[in-house]
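Number of protein chains: 2
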Amino acid sequence: MEKNALYAQSGGVTSVINCSMYGVVVAALKSKEIDKVFGAKNGVSGLLKEELIDLTQEPRETIEMLKYTPGAALGSCRRKLKNEEDFNRLFEVFEAHNIKYFFYNGGNDSMDTAMKIHKMAQRLGYDLKVIGIPKTVDNDLMFTDHCPGYPSVARYTAISTFEATLDVRSMSYDSTKVFVMESMGRHAGWIAAASALLKKYEEEGPHIILFPELPFDKERLLNKVDEMIKKFGHCTIVASEGIKDEKGNFVSDMGTTDVFGNKQLGGAGLQIANIIKNELKLKVHTAIPDYLQRSARHLSSAIDVQEATAVGIKAVDLALKGDSGYMVTIERVSSEPYMWRLGKVGLDKVANQTKTLPEDFIDSERLMVSEKFIEYALPLVQSEDNIDRWKIPNHYTKFNWNMVQKKLPEFEL
Amino acid sequence: MEKNALYAQSGGVTSVINCSMYGVVVAALKSKEIDKVFGAKNGVSGLLKEELIDLTQEPRETIEMLKYTPGAALGSCRRKLKNEEDFNRLFEVFEAHNIKYFFYNGGNDSMDTAMKIHKMAQRLGYDLKVIGIPKTVDNDLMFTDHCPGYPSVARYTAISTFEATLDVRSMSYDSTKVFVMESMGRHAGWIAAASALLKKYEEEGPHIILFPELPFDKERLLNKVDEMIKKFGHCTIVASEGIKDEKGNFVSDMGTTDVFGNKQLGGAGLQIANIIKNELKLKVHTAIPDYLQRSARHLSSAIDVQEATAVGIKAVDLALKGDSGYMVTIERVSSEPYMWRLGKVGLDKVANQTKTLPEDFIDSERLMVSEKFIEYALPLVQSEDNIDRWKIPNHYTKFNWNMVQKKLPEFEL
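Keeping their order, the protein sequence lines are chains A and B.
In terms of the numbering used here, the first sequence has 2 at position 2, counting the first letter as 1, and numbering is strictly consecutive.
In terms of the numbering used here, the second sequence has 408 at position 408, counting the first letter as 1, and numbering is strictly consecutive.
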């Protein structure tokens, strides 16, 4: 009887999540045990709706292009499995298509989903190997040195902050003196922290980082901005979107509504800019890279590309060895030179956990990273991925969406 | 007697303005007629204050690094010369330092300043050769095929828009369906237009461009968003920061003030996002790259790097041939293959003029560029500048700011 695998993508995307898909498909194609690899459209949503494509039937060229395609080529979803009915349906789909391997590529929510599916399989006595593949720009998964996707967004953030600081430095004499950049990271400051990875001297940007791990302290911020302006004439601030005040309210929610009663536009970055404009009467520019930071395949770290591919291959290897209920992890062997190996951790351990910046990754002044963070992150971001950036549109994966024949009745989501 | 040259930078910066400085310095060093090249700190402001550095005395390594340094290495300024007193002072500085050549690197305001200096020199009978060097990401200078700085920001905008559209495509099933990116360009839509340079098919981003040349039409926008969502499930909109309504009011000023009476945060991009959220009830993400777009040396077009350097060299050549009162221009010889030569135009013609997008560069539906624009811009952006992006911080110019000995009394700005 056929033994098929299923791969799906979930949650916010990265510039290298499709490298993991590439790893899964290539490893599965090489194996003798796996007959077909199906891809579910839009994560578990497509799975519930039995919307599958046969990745092993896709032209090899399409599969190769996954390496250059940011975002989730199969489509992602934010859905969690809700109830018994959802789980039952899932196993009907697995059974109908002889799915014996399930690879779920996502963050901590997705690892929770994968864990539940693994447990359900055990309960039902259904032979299913479930392996989670880590992915998140937020870098907030536990038990892995870092998450695929993070080195690339870190590289983007470091280079962009450095460049933009040279810009505001130019303008600061009689125009803009403060540049604020809002970075992603609702619960953890890993991305904001990465903005300092190219900084060598105090005068280089960023001059201030606002972490979501620490309560926002307006006076501390204003004093530091003032100090930097006096010292260097300009100041670059990187603010994590998730910064909160002492009461735990998001800074992005300050100001609340406009004259029409609509919620005030913009997030933490614009609020910080506004505070500085009002209190220090300085000209401020604000950048919100938003999706640009996590889709920037043109700046992906070569190590990230390699690792993201490797975790996909490893997921297949683990499943073929009979493992189930694990997430693939990246283990650091050494920082200098940077060396890594792959490992695994039980899904129950990583599910729904958030790894925030350790206290000793933030310096004593609480507005900058420590040397320890630099030692951690620097090896991940330095490697140049030599691609012709203009060729990206010729190199992105477009599936034909030739759907696998459905075998089950329709299912209402 | 010594014959010295003076170079200064002005206005908003680009990722390649220092390439023009590089061209000026190297050409001047090679010439026998020019003894020293001074750089004025912060444009005409530093010039008035007699704040000069001797670029010919800088280590060659510092000069070489100009090629990799975004922003204005000498500092820029927004200052215009105000009155007779300013002009008199300027010529005192010229005389005190034997300045016989003046190179001003900037946009249309700066060309106006350069023109006035040229005319004043003629009136005074002071032997001064004045040459303007074009620079602006806005691409709005007349009489030049395009402006150095534009090809790079165009490349950044095209690649970023394409990548982010693959991101929102991934998310659109049950999360974000609309992605809005705000581009620079207060008066002209050249940068916004460039977002379409990688688009080959209707489903690829951007799906909508909002140009400052056309009055903002809310119904037209909403209808098109609705159409794109129905057709492709997601929609990317690039909005120029300078879009205005029919009465000429900036869209960025809509909404006006918040509950505290402060001016509403954010510009055109956030206003457009808000309209779509409110009217179509769709989840929207917004990116405001701001300075990131114009300082992105990591994505500079190789042709832009070459041309920006060449216009600097040409400025010196013209001045040495005795020309004065001109701006260097780029003339297109052919689009396919792309070939160019340098020319010149009278400063009086370019000063204070703005070149907006021609009508036939916008398509008939008025929400997208035409094929003609693509033919114009595509040759400028495709070339990859093969630099190791992580090395940027090791390659940026840091002057020692060893100032030339002042010879005149202090001057109050």
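Hints are computed from structural coordinates only; laboratory data are not their basis.
Bear in mind the structure is a predicted one, so any value in this text is a computation, not a measurement.
Do not rely on the hints blindly, as some may be mistaken.
Think about it this way: if two alpha-carbon atoms lie no more than 27 angstroms apart in a straight line, the pair counts; the simulated BS3-like pairs of lysine-lysine are [as the list claims (entries may be wrong)]:
no., chain 1, residue 1, chain 2, residue 2
1, A, LYS49, B, LYS82
2, A, LYS200, B, LYS391
3, A, LYS398, B, LYS230
4, A, LYS283, B, LYS391
5, A, LYS281, B, LYS82
Status of the hints after comparison with the structure:
1. Under the criterion of a C-alpha separation no larger than 27 angstroms, the hint pairing LYS49/A with LYS82/B is inconsistent with the structure, at around 70 angstroms.
2. Among the hinted pairs, LYS200/A with LYS391/B is consistent with the structure: their alpha-carbon atoms are about 12 angstroms apart, no more than 27 angstroms.
3. The hinted pair formed by LYS398/A and LYS230/B meets the criterion: a straight-line CA distance of about 19 angstroms does not exceed 27 angstroms.
4. For the hint linking LYS283/A to LYS391/B, the alpha-carbon distance of about 30 angstroms lies beyond 27 angstroms, and the restraint is violated.
5. Distance restraint check for LYS281/A and LYS82/B: the Cα-Cα separation of roughly 25 angstroms lies within the 27 angstroms cut-off, and the hinted pair is therefore satisfied.
In this structure, the hints that do not hold are numbers 1, 4, in rising order.
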